[in-house]
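2 protein chains.
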Amino acid sequence: MKRVASPFAYKLVIAVREDIEFSPGKMAAQVAHAAVMASLEAKAKTTKWFSEWIREGQKKVVVRAESLGELKELEAAAKRLKLATAMVQDAGMTELPPGTVTCLGVGPGPDNIVDQVTGNLPLW
Amino acid sequence: MKRVASPFAYKLVIAVREDIEFSPGKMAAQVAHAAVMASLEAKAKTTKWFSEWIREGQKKVVVRAESLGELKELEAAAKRLKLATAMVQDAGMTELPPGTVTCLGVGPGPDNIVDQVTGNLPLW
Numbered sequence: 469m470k471r472v473a474s475p476f477a478y479k480l481v482i483a484v485r486e487d488i489e490f491s492p493g494k495m496a497a498q499v500a501h502a503a504v505m506a507s508l509e510a511k512a513k514t515t516k517w518f519s520e521w522i523r524e525g526q527k528k529v530v531v532r533a534e535s536l537g538e539l540k541e542l543e544a545a546a547k548r549l550k551l552a553t554a555m556v557q558d559a560g561m562t563e564l565p566p567g568t569v570t571c572l573g574v575g576p577g578p579d580n581i582v583d584q585v586t587g588n589l590p591l592w
Numbered sequence: 469m470k471r472v473a474s475p476f477a478y479k480l481v482i483a484v485r486e487d488i489e490f491s492p493g494k495m496a497a498q499v500a501h502a503a504v505m506a507s508l509e510a511k512a513k514t515t516k517w518f519s520e521w522i523r524e525g526q527k528k529v530v531v532r533a534e535s536l537g538e539l540k541e542l543e544a545a546a547k548r549l550k551l552a553t554a555m556v557q558d559a560g561m562t563e564l565p566p567g568t569v570t571c572l573g574v575g576p577g578p579d580n581i582v583d584q585v586t587g588n589l590p591l592w
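Protein chains in written order, with my numbering: chain W, 469 to 592; chain H, 469 to 592.
Simulated from the structure, these hints should not be mistaken for lab results.
Backbone N, C-alpha and C fix where the C-beta goes; we use that ideal spot for every residue, glycine too.
Check before you lean on any hint, since a few could be wrong.
Keeping only pairs whose Cα atoms sit at most 35 Å apart, straight-line, the calculated DSBU-like set for lysine-lysine is [as the list claims (entries may be wrong)]:
hint: 1; chain 1: W; residue 1: Lys494; chain 2: H; residue 2: Lys513
hint: 2; chain 1: H; residue 1: Lys511; chain 2: W; residue 2: Lys540
hint: 3; chain 1: H; residue 1: Lys547; chain 2: W; residue 2: Lys494
hint: 4; chain 1: H; residue 1: Lys547; chain 2: W; residue 2: Lys540
hint: 5; chain 1: W; residue 1: Lys550; chain 2: H; residue 2: Lys540
hint: 6; chain 1: W; residue 1: Lys540; chain 2: W; residue 2: Lys511
hint: 7; chain 1: W; residue 1: Lys540; chain 2: H; residue 2: Lys550
hint: 8; chain 1: W; residue 1: Lys547; chain 2: H; residue 2: Lys511
hint: 9; chain 1: H; residue 1: Lys547; chain 2: W; residue 2: Lys547
hint: 10; chain 1: H; residue 1: Lys547; chain 2: H; residue 2: Lys494
hint: 11; chain 1: W; residue 1: Lys516; chain 2: W; residue 2: Lys494
hint: 12; chain 1: W; residue 1: Lys547; chain 2: H; residue 2: Lys540
hint: 13; chain 1: H; residue 1: Lys494; chain 2: W; residue 2: Lys494
hint: 14; chain 1: W; residue 1: Lys547; chain 2: H; residue 2: Lys550
hint: 15; chain 1: H; residue 1: Lys547; chain 2: W; residue 2: Lys550
hint: 16; chain 1: W; residue 1: Lys540; chain 2: W; residue 2: Lys516
hint: 17; chain 1: H; residue 1: Lys550; chain 2: H; residue 2: Lys540
hint: 18; chain 1: H; residue 1: Lys516; chain 2: W; residue 2: Lys511
hint: 19; chain 1: H; residue 1: Lys540; chain 2: W; residue 2: Lys540
hint: 20; chain 1: H; residue 1: Lys494; chain 2: H; residue 2: Lys540
hint: 21; chain 1: H; residue 1: Lys511; chain 2: W; residue 2: Lys513
Chain W side only, calculated, beta carbon under 7 Å to chain H, not exhaustive [what the hints assert, rightly or not]:
hint: 22; residue: Ala477
hint: 23; residue: Lys528
hint: 24; residue: Leu549
Residues of chain W clear of chain H, computed beta-carbon distances all greater than 10 Å [what the hints assert, rightly or not]:
hint: 25; residue: Val499
hint: 26; residue: His501
hint: 27; residue: Val504
hint: 28; residue: Glu520
hint: 29; residue: Gln526
hint: 30; residue: Glu534
hint: 31; residue: Ser535
hint: 32; residue: Gly537
hint: 33; residue: Lys540
hint: 34; residue: Ala545
hint: 35; residue: Lys547
hint: 36; residue: Pro578
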């Protein structure tokens, strides 16, 4: 079987807790929140990675994390690699208790560096 | 019954086509794409609205659109009101045919102006 090479060398990964129940719209809003915050942080702090990611078309991948504890470990690993991170707390106006941590944005950054943090996590 | 006033005066609404089948992760990635693109456009073109929205905590709402035609009508209405917009086409690497238009970001902008465009659409 031929494998088609990906045209993307940069990506933003958003890890979402699978131990929380979300409606699809709620989950999408949380992921969007992580994506905007991580993008803005990358624009300020890892500008070249941000610019390349935008130029390529902003690849985003949504993956599963088991728990809040796992999100914290991922955040620490990402920071060690100088990747932008964005931990999202829900405002709690609707489905979730206020302050619930829902997801974590990692990157955007080079594929191989982001994979050192999130490469083992299953897709949503 | 007491009604709690919302602390948010600005919002970004993302309208997602309900005539396309998405996995929750795929939908979340599309919504995130719209949110990042609309935010960056608002930052450049409607900077005060963008800044207020960030300061408040970036309210995001995900709603349903019936079709591509409805997304196009919403986009035109938003542009008439000088709101940032971001129409998202999927790269088509995974679930969807390449170039499929999936969703539209409207804003971020003042609640009452965004509602003139998307106020009648049901939540996801």
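A quick look at each hint next to the structure:
| no. | hint | result |
| --- | --- | --- |
| 1 | Lys494/W to Lys513/H | holds, 28 Å |
| 2 | Lys511/H to Lys540/W | holds, 30 Å |
| 3 | Lys547/H to Lys494/W | holds, 26 Å |
| 4 | Lys547/H to Lys540/W | violated, 40 Å |
| 5 | Lys550/W to Lys540/H | violated, 40 Å |
| 6 | Lys540/W to Lys511/W | holds, 22 Å |
| 7 | Lys540/W to Lys550/H | violated, 40 Å |
| 8 | Lys547/W to Lys511/H | holds, 26 Å |
| 9 | Lys547/H to Lys547/W | violated, 39 Å |
| 10 | Lys547/H to Lys494/H | holds, 27 Å |
| 11 | Lys516/W to Lys494/W | holds, 31 Å |
| 12 | Lys547/W to Lys540/H | violated, 40 Å |
| 13 | Lys494/H to Lys494/W | holds, 14 Å |
| 14 | Lys547/W to Lys550/H | violated, 38 Å |
| 15 | Lys547/H to Lys550/W | violated, 38 Å |
| 16 | Lys540/W to Lys516/W | holds, 26 Å |
| 17 | Lys550/H to Lys540/H | holds, 15 Å |
| 18 | Lys516/H to Lys511/W | holds, 19 Å |
| 19 | Lys540/H to Lys540/W | violated, 40 Å |
| 20 | Lys494/H to Lys540/H | holds, 21 Å |
| 21 | Lys511/H to Lys513/W | holds, 17 Å |
| 22 | Ala477 | violated, 14 Å |
| 23 | Lys528 | holds, 5 Å |
| 24 | Leu549 | violated, 21 Å |
| 25 | Val499 | violated, 4 Å |
| 26 | His501 | violated, 6 Å |
| 27 | Val504 | violated, 5 Å |
| 28 | Glu520 | holds, 15 Å |
| 29 | Gln526 | violated, 6 Å |
| 30 | Glu534 | holds, 16 Å |
| 31 | Ser535 | holds, 18 Å |
| 32 | Gly537 | holds, 21 Å |
| 33 | Lys540 | holds, 21 Å |
| 34 | Ala545 | holds, 21 Å |
| 35 | Lys547 | holds, 21 Å |
| 36 | Pro578 | holds, 18 Å |
Of the numbered hints stated above, those contradicted by the structure are hints 4, 5, 7, 9, 12, 14, 15, 19, 22, 24, 25, 26, 27, 29, listed in ascending order.
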